[in-house]
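Student: Here are the chains, one letter per residue:
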Amino acid sequence: MSKKYITDFVILENRRHTHEFVILTLQHPEMLPQMFPGQFAEVRVDGSPQTYLRRPLSIHDVDYKNNTIKLLIQEVGPGTRRLASMKSGEKLNLVYPLGTYYSLPDKKRVLLVGGGCGVAPLLFLGRYLKENGIDPRFLVGARSENDLVELDAYRELGDVYITTEDGSRGTRGFVIHHPVMKTFEPDFDWLYTCGPEPMMRVLAKYSRERNITCEVSLENKMACGIGACLCCVTPTIEGNKCTCTDGPVFNANYLKW
Amino acid sequence: MVDLSVDIGNLQLKNPVMTASGTFGYGEEYRDFVDISALGGIIVKGTTGSHREGNPYPRMAETPMGMLNAVGLQNKGVDVFLSETWPRIRTFRTNVLVNVSGSTVEEYVEIASKIAEVKDIPGIELNISCPNVKEGGMTFGTSCPSAIAVTRAVREVFPRHLMVKLSPNVTDIVEIAKGVEGAGADSVSLINTLLGMAIDAETWRPLLSTVTGGLSGPCIKPVALRMVWQVASAVKIPVVGLGGISSATDAVEFLLAGASAVQVGTANFVDPSVSGRIVDGLAGYMQRHNIEKITDIIGGLDVS
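Just so you know, the sequences run in chain order G and Z. Residue numbers for the first sequence, in my numbering: 28 to 284. Residue numbers for the second sequence, in my numbering: 25 to 328.
Just chain G, with the same shape it has in the complex:
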């Protein structure tokens, strides 16, 4: 387990991408520790009387040269709404980097599948794969084209396929309905996913039936984020495990899905 830190970052930029997605760029005064895709930060929410706990957020992107990280925030409640309203120059306190991360594949053909705000860790993952000589391809699912975030950043790294539930962009339906998810002989051997649990369960089943390695990232409700409170557990073949320290990235076959 890598060393964890508790640190104040300064918000460099708050950029709104859609009606409910915001990307915060945070700068650290010193050199950043090494982080891996799939890891997360526990972000303190100040000035939010209705909430008490930190918010676990995926590390969306890292720039070691400028000591910046990005967090993709979907406004779902008072805590994330408060974070999304923060302005450049304000401080944000993070406990990081936390949890397990996606592994480098032993095969070359990979697909990264994100749904909703589950796309958050996949940009960092795509960059990491690219740096390690693997060409990432992305499949992004959203409710409609208004919910798609930052597609250009993904396109710089590889092909991007899209599904929307209302058909306003790409293939109509869920990610499983996209032609790349073909029934016979899919052209990938490794699938990384993050998003709503029903979507990931479908992808886990699809992968199991085709002998494809599937790594999923869970987002259970957390308190501490460091394996102390035992609140965020998920049932695995070895009993209840903490999503924050034994996860959030799990091999799908390890889960009781």
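If you are wondering where the hints come from, they were derived from the structure by calculation, not from laboratory data.
Calculated cross-link-like contacts (lysine to aspartate or glutamate; reagent style EDC-like; alpha-carbon spacing at most 20 Å):
id	chain 1	residue 1	chain 2	residue 2
1	G	Lys30	Z	Asp56
2	G	Lys248	Z	Asp295
3	Z	Lys100	G	Asp273
4	G	Lys283	G	Asp273
5	G	Lys248	Z	Glu226
6	G	Lys118	Z	Asp295
7	G	Lys114	G	Glu47
8	G	Lys268	Z	Glu77
9	G	Lys283	G	Glu224
10	Z	Lys100	G	Glu265
11	G	Lys114	G	Glu40
12	G	Lys232	G	Asp214
Position chain Z relative to chain G; hints supplied.
Tutor: Here is chain Z on its own, set in the frame of chain G:
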């Protein structure tokens, strides 16, 4: 130089700041954030006679200035604790107490007997107040005769420090505190979580798998202070105060109310370094107020 040391019965603490069971794991989880040896003590996770998987997810619901939990004593059992966990954490240069929880008097006695054999464990905290298990737990702590019976039975087999953790979910906590004092407890710690619940108005469903759970965090501090004050005024054994402590000022308030030491609980989840900072903050408080010994604060509340 200020003197932060306190004694809780036969237990010597370098300062009155401990961490509460269930909020600090086995201490190891907090190594990157706190110098464990700078704390007065830590109380490790609730330990039962055998392995427990705990309750199903969801086990936690956030509330204004607090949270509800229904973990349900997930742990590997006393044998695994003593053979695998204890050898790793026994080198912590602080008082490590084991929180003991059972479903029957026999189970409490069995666990306490096993811990009694490991001579370098300085004490146990008897958990008769866990609201999240179907059998035992809080049922022992909400009736005076059963609280006395389990304390007396454990006292017979456990020769070192015996702290009893009291439930606030009772009509008269003073009566129970006096009962366990009479049954041989060396100290009492209070309060455990308050029984509560949370509901999702959109789905008409409870937010916890167990429907009800234990409320903790700053929202319970006024209740905890009141109970500590009532109990400390009524018993002769030391009182350890907990419930929503998040700062050195909070800790001072509990000491003024009569607590000889405090436990920091849920605040560890929001700021994993908070326990160490509370120790530093107490020293700063004493310097500001020209107090040499922290024991001079204990029970100092002026109600005239």
